[in-house]
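A.B. asks: Take a look at the letters that make up each chain.
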Amino acid sequence: MAYRAPSDRMLFILTSLLTIFGLVMVYSASSVVASSRHGLSYYYFLRQLVYAAAGYALMLALMNRDYHFWQQDKVVGLLLILSAGSLLLVFTQPRINAAHRWLRYGSFISFQPSEIAKLVFLVFMAAFLHKYGDEINQPVKRLLPCLLVLGLFGGLIAAEPDLGQAVTLALIVIVILFVAGISWKSLAGMALLSAPAVCLAIVSMPYRGERIKAFLNPFHDPLGTGWQISQSLTAVGSGGPWGLGLGASRQKLFFLPEAHSDFIFAVIGEELGLMGAGFVALAFLLFFYRGIKIALRAPDRFGFYLGLGITLMVAIQAFINISMVLAMIPTKGIALPFISQGGSSLLLNLVATGLLLNIAHYAEEP
Amino acid sequence: MAGRVDAPHPGRVTLVIGFVTLWSLVILGRLMQLQVIKHEEFTQLALKRHVVTRSVLAPRGIVYDSHMDELATSVRVSTVVAEPKRIQEIPRAAHSLAAILRMNSVELKTRMMDPSRQTFQIVKRRIDPKDEARIEALGIDGVHLIEESMRVYPNRKLASHTLGFVNMNGDGASGLEVQYDKELKGTPGLISFNVDALRRSFRGNVEQPPIQGHSLVLSLDRSIQYITERELAAGVEGAHAKAGIAIVMESETGRILALANYPDFNCNKYNEYDAGFWRNRAVSDLFEPGSTFKVVVATAALEAGLTRPDEVIDCQKGSITIGGHVFHDHHPYDLLTFGQVLENSSNVGAVKLGLRLGEERLYEALRNFGFGAKTEVDLPGEIVGLVRDWRNWSALSIGAISFGQEVGVTPIQMLVGINAIANGGYRVRPTLVDRVIDYRGDLVRTRASQTQRIMKTETAAAVLRAFEGVVLRGTGKAAALEGYRAAGKTGTAQKIVDGRYSATKYVSSFIGFAPLPDPKVTVMVMVDEPNGTIYGGTVAAPVFQKITQEVLLQLKVAPDQTLPARKFDPALAARDSEDYLPNATPVLPLVAQDPRKPEKTKNEVIKVYVPDSTLAMPDFRGMAKRKVVARCQELGIRVQADGSGIAVSQLPPPGTAVAFGDTCNVVFAKKNLSSYKSIPGLTLDTAERSVPPPNETPGRH
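Protein chains in written order, with the working numbering: chain H, 1 to 366; chain Z, 1001 to 1701.
Quick caveat, the hints were computed from the structure, so don't treat them as lab data. Here a beta-carbon is modelled for each residue, glycine too, at the ideal position from N, C-alpha and C. Certain hints may be false.
[Stated by the list, open to error] Just some of the chain Z residues that point at chain H, by a computed CB distance under 10 Å: (1) P1008; (2) H1009; (3) V1016; (4) I1017; (5) V1020; (6) T1021; (7) L1025; (8) V1026; (9) R1030; (10) M1032; (11) V1036; (12) E1040; (13) Q1044; (14) L1047.
[As the list claims (entries may be wrong)] Simulated crosslink set (DSS-like; lysine-lysine; CA at most 27 Å straight-line): (15) Z:K1038 to H:K213; (16) H:K332 to Z:K1038; (17) H:K213 to Z:K1048; (18) Z:K1157 to Z:K1242; (19) Z:K1374 to Z:K1182; (20) H:K74 to H:K141; (21) Z:K1495 to Z:K1520; (22) Z:K1546 to Z:K1495; (23) Z:K1520 to Z:K1456.
All chains, please: the whole structure from these sequences, using the hints.
C.D. replies: Below, the structure is given as structure tokens:
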């Protein structure tokens, strides 16, 4: 398989820039914490670099592999089984921060099955809708199986617990179904059915209620539940229009928890100001536009739905993350694609982009 | 699989695109709000979190005496502090620290293990400088030495009440240290640190260097202060008294050369004494001035032209009745000149002068002397004293106040008031600080002097002559100096205990000046609750003599060679130095004397008059209006005068029983003067005779 130039040069460059920018920001945001925790300021940067390299290689590989490979029933089936298996396997792992989200091998290699599961589900959805897209409004025959798989995956992820990932997945799926033409009635029915589940999920874990309270009033208890979000707002706000300068964040000095992972956007806002943060937000919007364009130009329904799913996955996660950092929605454990420190997320987003770029390869001019 | 497929529902795709676009716009708007609109707010918040500012105490100014000897200075000492959470082995650290600092090792360990105090705690403040190196040698991570400033008073107890002290936080807490705290303290410096969330500082920045405090140069003279303290202590101990105060002031200016309280305390170890020891009684204690106060009445009467220095006053065999109450002298004086009234401390004479003044003018005289107002001496805790407005006086007040009862004054007020006699009639503002200088020695400001003339020079001179008589012939013989002429006035006042005059507790005082004729210093000595002999002339005057004699030497005042050698017979002095202590207020205890001490004094000191509830209304007919008014004042009867001239009728009629405070309506007329002229034998009073018209030659009828 010979290397082929990327079909959508802009998306390729955009992804590469976001990844490199992410590496820089991870180093900036994590060096102090890294040297304090691991005695090596490059610790998180190096990890991220390894995953970025691997992810980049995989992206290039997938970019050059016909995406229809993934459409085959046996491939989808295998992926679903492996993915579900790894989601189950997670529960055998010791908890980290009161949750088992990672599969570990040694001390350096760890992986989040939920990240894979998301992509696998999108592949499944695309293949499913490719076949039965027109019959999606048959509740029992078509919609139910799809929702059952979603329920299984979402349920397993939510049980880790990682409600953020589960909700994000559900949101992506709903948007895909919406585009696929699901009737408003079905949509309302799904909302009604899922509402009790979401409420139960919130009630079952007290910290989720706390997060919602903190979200509603971040400065009510700035030393307790509102700590993270108030520190995040302080970081972004003190950055001002132009930022304090790359590397000059103060909030990353143990004030802002998860400054290099989930809250890296706050450090971007602090160090690079409105200019930097705005550009990052616009970059994801651009990614979204390019992705939608690729999907719309896909030669078939599978390509369309897969492209749509991947684009939505990146964009929705990005905007959820940014909205969370800016206290527009309650805190969720959602990473900023390509940028947040976190190997699985980076790897999977690069893999997904590889798929997207391959779809673009088959794009047809309108 | 060829051929492009359209989206199944293009409208819905557009909807999704629109929604995501809108979302990103909302995000951009939010960024704008946070980073542009609320940027300042968050910057302040971040600063508050990221930067801690610590103030650094500036070196405190020095307190010098008038010869630039240090009375208070500061030294650098170290305090041991610990951050237990950073200490690896707390038990071992506690053990080593306790051994060096001579502390209880178990107690220290418990304290350092206390989970609530893991961030920072003081191990020991102000450690011995010798231990500093040993602590540093331990090299325990999380144990530090912090430099602090400690106030040191090289002369220990000297002038302790005046200097005061500085508390552990470096704030002046008493005396001049608190009065001039702002100036002495200087301006603390500011150092800012950047800190991380774990409060670890990583960049220090001197925002503002500390500015050393100003220094004070006092008018206090260390040698004079020492002499004063030594003699006061001896006097108080000798009289078995509770406490004492002595003040030496420059008569002309009000500069205080020495101010002593006894018992005293060591400023360096102030917390080893009860707080009561710190109080500067000279400004914060109230007492009844007693006989010394007669000078106020005498001076005011002279000023008002109501008497003359050579006037002879009938002291009525030592008793006078006011408002139905009889005031006594200790000797049944008959005729005394103005000067002799002061020399012999005649209550009757003083009361008569007071009556001539009347309530309002007497009150004004008090205020003029500075009683009932702060002297504004530069010491903290000065009180105003207790001088009732004359409109609130009782019928007896005018008599009581004339010889120093029913008023409360501070020693410093007394000193400043009487000092006007010494300097030709000026009330001066007493001060302790001559100059405030900065750390380079440059002048910041000089003392806040203030003088106000309160009497004519001649008046002051006349009273001064009388005061010299007190020392030469009167109650203050023990104050006589060798080689110098001195003047002064004794005072013996009963203390008020539980609202009643105490029969056993006195305050003995002497205020004097030397050398005459142009006094340099005014010296006050007060002894609180002497036991045994109680009179100002025997308890306080000798202390005055000892202090003043040496102070004049210190001030290099040449002795007057023409003076005869001083002949001082203590026995003689004691016999003649007794003030009489009248009982002014009818509510006082009616126990004549403490039966356990029946023979304490030769003279019956405590004569208590049980007032009659009634007395007979005198016959005013034929008397001049002025005389009627004076007579009524003496009796405590109010007069409702109608007309002018000679009294022609009165209601109630003569002989009627009246209580004091009652009102008598008297009608005066000018007509037919002769018919009412002088009805002999009608006037039963004797006091009347001593109230001559101001222009009349004094004489007896």
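A.B. asks: Determine for every hint whether it applies to the structure shown.
C.D. replies: Each hint tested on the structure:
For P1008 (chain Z), the shortest C-beta to C-beta distance to chain H is roughly 5 Å, which falls under 10 Å, so the interface hint holds. For H1009 (chain Z), the shortest C-beta to C-beta distance to chain H is roughly 5 Å, which falls under 10 Å, so the interface hint holds. Hint status for V1016 (chain Z) relative to chain H: holds, with the closest Cβ pair at about 6 Å, below 10 Å. Because the closest C-beta pair between I1017 (chain Z) and chain H is about 6 Å apart, less than 10 Å, the hint holds.
At its closest, the beta carbon of V1020 (chain Z) sits 5 Å from a beta carbon of chain H; the interface hint therefore holds under the 10 Å criterion. The beta carbon of T1021 (chain Z) is positioned within 10 Å of a beta carbon in chain H (closest approach about 7 Å), and the interface hint is therefore held. Given the 10 Å rule on beta carbons, the hint for L1025 (chain Z) holds: about 9 Å separates it from the nearest Cβ of chain H. Hint on V1026 (chain Z) holds. Least Cβ distance to chain H is approximately 7 Å, under the 10 Å limit.
The closest approach between the C-beta of R1030 (chain Z) and any C-beta of chain H is roughly 5 Å, which is under the 10 Å cut-off, so the hint is satisfied. With its C-beta approaching chain H no nearer than about 7 Å, M1032 (chain Z) sits inside the 10 Å limit, and its interface hint holds. Because the beta carbon of V1036 (chain Z) sits about 6 Å from the nearest beta carbon in chain H, less than 10 Å, this interface hint is met. Hint status for E1040 (chain Z) relative to chain H: holds, with the closest Cβ pair at about 9 Å, below 10 Å.
Hint status for Q1044 (chain Z): holds, given a least beta-carbon distance of 9 Å to chain H, under 10 Å. Here the hint on L1047 (chain Z) is kept, as its CB sits about 8 Å from the closest CB of chain H, short of 10 Å. Taking the CA atoms of K1038 (chain Z) and K213 (chain H), the gap is near 22 Å; set against the 27 Å cutoff, the hint holds. In summary, the hint linking K332 (chain H) to K1038 (chain Z) is supported, as the alpha carbons are separated by about 25 Å, within the 27 Å threshold.
Restraint check for K213 (chain H) and K1048 (chain Z): the C-alpha separation of about 24 Å stays at or below 27 Å, so the hint holds. Of the supplied pair hints, the one linking K1157 (chain Z) and K1242 (chain Z) holds, its CA atoms being roughly 18 Å apart against a limit of 27 Å. Distance hint between K1374 (chain Z) and K1182 (chain Z) is fulfilled; the C-alpha atoms sit about 22 Å from each other, no more than 27 Å. For the given pair, K74 (chain H) sits about 21 Å from K141 (chain H) by alpha-carbon distance, which is consistent with the 27 Å threshold.
The straight-line distance between the Cα atoms of K1495 (chain Z) and K1520 (chain Z) is roughly 31 Å, outside the 27 Å bound, and the hint therefore fails. A C-alpha spacing of about 26 Å is found between K1546 (chain Z) and K1495 (chain Z), which places the hinted pair at or below 27 Å, so the restraint holds. Of the pairs offered as hints, the one joining K1520 (chain Z) and K1456 (chain Z) holds, with about 19 Å between alpha carbons and a cut-off of 27 Å not exceeded.
Hint 21 from the earlier list is the only one contradicted by this structure; the remaining hints agree with it.
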